[in-house]
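With chain A held as given, fit chain B onto it using these hints.
Protein chains: 2
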Amino acid sequence: MMSFNMGGTAEPVYSVPEYESILGLFLFPDLSFTTSQRKSKGDSVKMDVLTGMKQKETMEISQLMTEMEGKTVQINGAIHTIRDMGTVAFVVLRKREGLLQCVYVKGIAEFELEDLKEAASVLIKGTLSKNEKAPNGIEVMIESVTILSEPAETMPIPISKWKMNTSLETKLNLRPVALRNIRERAKFKIQEGVVRAFRDFLHQQGFTEIRTPKIGSKGAEGGANIFKLDYFHTPAVLAQSPQFYKQMMVGVFDRVFEAAPVFRAEKHNTKRHLNEYTSLDFEMGYIDDFTDLCAMETGFLQYMVMLLEKEYEKELIILDVTLPRVDKIPCVRFDEAKELVAGKYKRAIKNPYDLEPEEEVLIGQYFKEEYDADFVFVTHYPSKKRPFYAMDDPADTIYTLSFDCLFHGMEITTGGQRIHDYHKLLEKIAARGMTEEGMEAYLSAFKYGMPPHGGLGIGLERLTMKLVGEDNVRETTLFPRDLGRLEP
Amino acid sequence: MMSFNMGGTAEPVYSVPEYESILGLFLFPDLSFTTSQRKSKGDSVKMDVLTGMKQKETMEISQLMTEMEGKTVQINGAIHTIRDMGTVAFVVLRKREGLLQCVYVKGIAEFELEDLKEAASVLIKGTLSKNEKAPNGIEVMIESVTILSEPAETMPIPISKWKMNTSLETKLNLRPVALRNIRERAKFKIQEGVVRAFRDFLHQQGFTEIRTPKIGSKGAEGGANIFKLDYFHTPAVLAQSPQFYKQMMVGVFDRVFEAAPVFRAEKHNTKRHLNEYTSLDFEMGYIDDFTDLCAMETGFLQYMVMLLEKEYEKELIILDVTLPRVDKIPCVRFDEAKELVAGKYKRAIKNPYDLEPEEEVLIGQYFKEEYDADFVFVTHYPSKKRPFYAMDDPADTIYTLSFDCLFHGMEITTGGQRIHDYHKLLEKIAARGMTEEGMEAYLSAFKYGMPPHGGLGIGLERLTMKLVGEDNVRETTLFPRDLGRLEP
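Line by line, the protein sequences give chains A and B.
Quick note: my numbering has the first sequence finishing at residue 730, numbered continuously throughout.
Quick note: my numbering has the second sequence finishing at residue 730, numbered continuously throughout.
For reference, chain A alone in the conformation it holds in the complex (with noise of 0.2 Å):
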């Protein structure tokens, strides 16, 4: 650790808080403390005890903004750059609120710029003033700084400019170092809110976080889209979903909800698709029929977007995020939203029983051009798509109570009613040919009395995506892992 100092005194700049600050204001009787000494026989029982957090010296931004200007002050950070005008030079550090500008005038600082690197972490003394052009308000009179940390190399990508212009596959390969930037950084904030914002609006609505095993003896909706492994010689899978498991745990707390990830063996290689994704599940018993789901996904969008406003604001500005309409969402039949796309935009309907993604993109512009809409639900889904667990429309079995929500004409949400009844479930299963086999305990939660109930799963990253308005969901994804990816 090097240390540069300001004056004459032997006191270092930095001195590592005793450990006995720790102790807080009790101490067991007969008890001293040593931290890397090892004890010595006759020694009493050398212990420290803990009481709580500690308490740090050092700042971070927001304690810094309520601080007085002419303020001694002790930030660390990296130096995110370095910006030298000739007699003074701007030492912008990273911290984990954001930029904060550091000012290093040769002279009142008593070390050579040349002494600090980019990418360097360091821990800083100075005096805290205010400049409206600074990040925050806020600067800091470098007078000192210790270096905590050296990089060995210098930047391979210029993480440091607002746009790095470096391709997504670039950024990909150099993923711990291109998240440093302060755009690509601010994506997976908004991430974490939406998942507070999804936890927090259920956990209010009577929800219970539940967490289901990921791997399993089969899959949960069968198909041949699922990574098989060796589970002690046993055969195994990785789970594509919680939707057994979520349904089940309706019989046990009414209304569940788990935030985790999911395998996905798809051969696709698109700018939608990944093979790790983690997805949004919740399900709820005593639904009177499907809509309450939607409702409740309108809940959850209207709390995430008030919750971005209101704890995401600094992130939002950084990408230049407008977040969208969540007051008034359309709901449309699937049958009736493919004749409205198919009259508007004369296009012929190739297939009455599907979706293609140009339907999707096609149905979100319809709705943002005639409703303002950024989000639709797409009700109704004929049968034969859904899974045999998806309830059948009693008006016309063709169809199922089921729906996806759309984001800007992009599929971010697959839900429904599903089948409660055991005898309906039985004969939904014989009727598609499928086998009851690997499946007696998601059967005998039906067996012994399940509520009505529905659910549905959405998709985080293509939801951040479409919140920061990129085109790829690798860029709303921190480690990727598609067809082509399982590094870094």
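The set of hints was computed from the structure by calculation and includes no laboratory data.
What you are looking at is a predicted structure, and each value in this text was computed from that prediction instead of being measured.
It is possible that part of the hints are untrue.
It does not matter which identical chain is meant; a pair holds if it fits inside one copy or across any two.
What the hints assert, rightly or not - In silico lysine-lysine, DSSO-like type, Cα no more than 30 Å apart, as pairs:
id	residue 1	residue 2
1	Lys431	Lys552
2	Lys509	Lys460
3	Lys298	Lys552
4	Lys470	Lys460
The following block gives chain B in isolation, referenced to the frame of chain A:
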């Protein structure tokens, strides 16, 4: 759907709320709504608009508790048990907030008691009254009932009993049903509280929640205990910890956390091992030393106890839980701890560089007996028992700046300071005879600068187990995965 009516009224007791009621105040011009009718040619666009949450007529227990006696109420739930006392019968509903006693009196309720089955989902209409002896001090005099769903068979285990006296094996085999027992499900509400506390506390402390991939090309810490899978003809593994990723993300957000599944292909078949479990991980930059991490965990444990006391009182009472002491947590060196228990319990030290489970138990016992402590930090584990990235103690490189946290003598946390200097990391890798291959991305984070940092991982199921006083980690895992169990 069967419906039992009270009087001779033609109106159904329970009418599905009109879909139109969710239209709110706003209607798009020229739009009308239809649920299941197909659009006829020439009709205008049939569409509904969702404006938020639906208001429900049915009430939850907390709402009922604020209502006036004598009020006519509607409630739904599963029939947990029926106790027929002759002229009066108690129909106990299981709702998400607890049990609700409903009273059936022949003649007042105009249907036969025989029409009700245990495990059916029902909607009950009745009159609210106070009764100190009933759960939550309230009960509902039943007027009419609507059966929403019925079981196909009677319960295979007595879930309505306070203690089921059923073997763990049976409970796990019948998991979706066994969890409906009030005590069983209470454990998982406590678990929810633990995770909420972890996230909320760390969020307040400036940590960012991250989501790291569970499929990767190489295990974070190497070793044989890794599940392998085929990833589109490329060998891949399941993450045994988010270690590498959370460290890389310290370079981005300074402080990060994740609560997610991890996978260990260990062939342990003990009461405290699972092959898939939830790891509560955090990693923080700019630490002064590893005791910052212990202090942060102490802060979390204190917050957790506070949250459980405040919001999970009901479950604590159901499970008769006495929360652990978290005001003062002793912190003792590994070698010191070994000598303490060897001395007090007359036990020879077999291996000075390893801690046996029996020794952990005795350390727990020692600190409980001597200091009434429920948690203990055991620090300075031998370097050879810690992974390569652990920082050795400069004062004695046989040991590391690391720790475990024991709860009643069981390891629930492993953590420590990590090497942050690129060259030192390379040296340690070389000294261990390891290869850098497959670690390029991880190492790149250090090459381009990383602050001093450290972190820890807490086993959620173990922590919950100890909190609720169970002795097998499967008791506090919704759907455990072990050597012999992949189902349900």
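We went through each hint and held it up to the structure:
1. Taking the shortest Cα distances, Lys431 and Lys552 sit within 30 Å of each other both inside one copy (13 Å) and across copies (29 Å).
2. For the identical chains of this complex, Lys509 and Lys460 are neighbours both inside a copy (20 Å) and across copies (22 Å), given an alpha-carbon limit of 30 Å.
3. In this assembly of identical chains, Lys298 and Lys552 lie within 30 Å of each other by CA distance both inside one copy and across copies; the values are 27 Å within and 28 Å between.
4. For the identical chains of this complex, Lys470 and Lys460 are neighbours both inside a copy (9 Å) and across copies (17 Å), given an alpha-carbon limit of 30 Å.
Checked against the numbered hints given earlier, this structure breaks none of them.
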